[in-house]
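Two chains, two frames, a set of hints: combine them into the complex.
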Amino acid sequence: MERTENNILFHRIFPIEGGDFTNAGSTSDQIKKILKEAGFSNTLIRRICIAAFEAEMNVICYASKGTLSLYIARSFLKIVVNDEGKGIRDINLAMSEGYSTADEKIRELGFGAGMGLPNIRKNADEMVLTSQFNQGTHLEFTVYLDRQEAALPFE
Amino acid sequence: MTLKEVKDILSAEVISGDHDLGKEIKCAFAAELLSDVLALAQQGALLITGFTNSQVVYAADLANLCAILFIRGKKPNEETKRLATQKKLPLLTTPFMMFEACGILYEYGLKTCAIEMENGKDGK
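Read top to bottom, the protein sequences are chains B and Z.
Take the first sequence: its letter number 53 is residue 52 in numbering that gives the first Met the number 0, and every next letter is one higher.
Take the second sequence: its letter number 94 is residue 93 in numbering that gives the first Met the number 0, and every next letter is one higher.
Hints are computed from structural coordinates only; laboratory data are not their basis.
Just so you know, not all the hints are guaranteed correct.
Stated by the list, open to error - As a list, the in silico DSS-like pairs of lysine-lysine whose alpha-carbon atoms are at most 30 Å apart:
1) K110/Z - K74/Z
2) K25/Z - K3/Z
3) K22/Z - K35/B
4) K3/Z - K121/B
5) K77/B - K32/B
6) K32/B - K86/Z
With the rest of the complex left out, here is chain Z (with noise of 0.2 Å):
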């Protein structure tokens, strides 16, 4: 699935990084807390969020992560936009919340890519 793809199946808005819609996802990964994507995201996953400061980039970029969807038609500041266009990060934000955005993209036959965990199902 491309990032085109996923920006026509959420009617998502893109932030940033227009010409990157070419980018193919393999997988997506979605949390609320930025240690929950240090630790379980894995490379050239898309990550779902409704957390918009900076640091969401940062962790992004750090993680090798290969774009950003926010959720419930999130919009990030300034300051996140910038560092995005920096990273070459393409930000998109879609008006549905977190639970449907993931479970559209599921449906599409977007697969999970969160590392398997020991102590729970994060990775299955």
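Chain B on its own, in the form it takes in the complex (with noise of 0.2 Å):
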């Protein structure tokens, strides 16, 4: 077969249960400790994580389980994320800032202030979400190796 040069040179799947808020945050954790021996930037690391995190927190506040997958190319790093569980009734809604069905659970862990998804996007070079309602949620991001800093105008 031939190789191209986004050959997938890593490749690992995370489970992730719904509800689970103890463990909140450890997938996105383990996302960083994996980019940071791997060698790549702070900066870079940083997006792709804040993004994770926030991916993370969706599959536990609104699904009853999920997988997060972390793919490392020579020129893109991606997360896909699926899930079975509540879906999105309407995505236009669920992507704009402020926009949230979040319960008082998920509000006093700090999370369902409707910024989620429209901090992927932002962090993200590349973003793709789709939904079936009451069936589950599919989202992958994308961050190319080669745009960071034209990306990133305020760091």
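If you want it as structure tokens, here you go:
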């Protein structure tokens, strides 16, 4: 088989339990460790990990179970999140800042401000979000390794 | 301003990370919502918050913040402390309320470092 520039160098799948608030953050923490060991820059790790943390919280808050997968390729980092659960009724609404369907429990944990998905979009170069209401959600986002500096004017 | 100065100015108690008090703080960010921390706080910021669950440590660490200052004398649980020690993230607690703690630090010259927002003045 022909090798391409984007051959996946590393791939790991992390299972996430819906409602597991105690361990919320631990998956993104492991991703940070992997990326640090791989030698990526702090700025890049920060972007992908902030987005990963938001995505991880979404599974914990709104799904019954899911997986978060990390892919490292030569030219990009990608996170793919699949979950089974409530899904999203209106994606455009879910993408608007401040819109949230979070309950008290989620808000007690400091989330549910309606900032998660917009923040993932902000930190990623590309993002794809699809959902079947009452079935589940598929989210994937990519950060390109050759675009880092241009994408972060404020750092 | 160093973390030691923040500690002295706000009569704060160091919960963990005693040896890191020489850390230079260039700016601060105050929030009760971790979503706001993840969306708005800049790298290197001191986080001022009343939120003590272990998720605050994950959020601060993932966002590369330099330390956490709890307000109103709040103290985190053992799990939060353990995680902060592991992440080498200093934790302090001050008896002052959020508004006072921020106001005092601001008076001493510590600046905000929220990222500029389109629909607000958080960055100004």
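Checked hints:
1. This hinted pair checks out: K110/Z and K74/Z have alpha carbons roughly 25 Å apart, not beyond 30 Å.
2. Restraint check: the Cα-Cα separation between K25/Z and K3/Z comes to about 13 Å, which is no more than 30 Å; the hinted pair holds.
3. With a C-alpha separation of about 22 Å, the suggested pairing of K22/Z with K35/B holds against the 30 Å cut-off.
4. For a cut-off of 30 Å, the pair hint linking K3/Z to K121/B is broken: about 34 Å separates their Cα positions.
5. For the hint linking K77/B to K32/B, the alpha-carbon distance of about 16 Å falls within 30 Å, and the restraint holds.
6. For the hint pairing K32/B with K86/Z, the CA-to-CA distance comes to about 11 Å; that is within 30 Å, so the pair holds.
In this structure, the one hint that does not hold is number 4.
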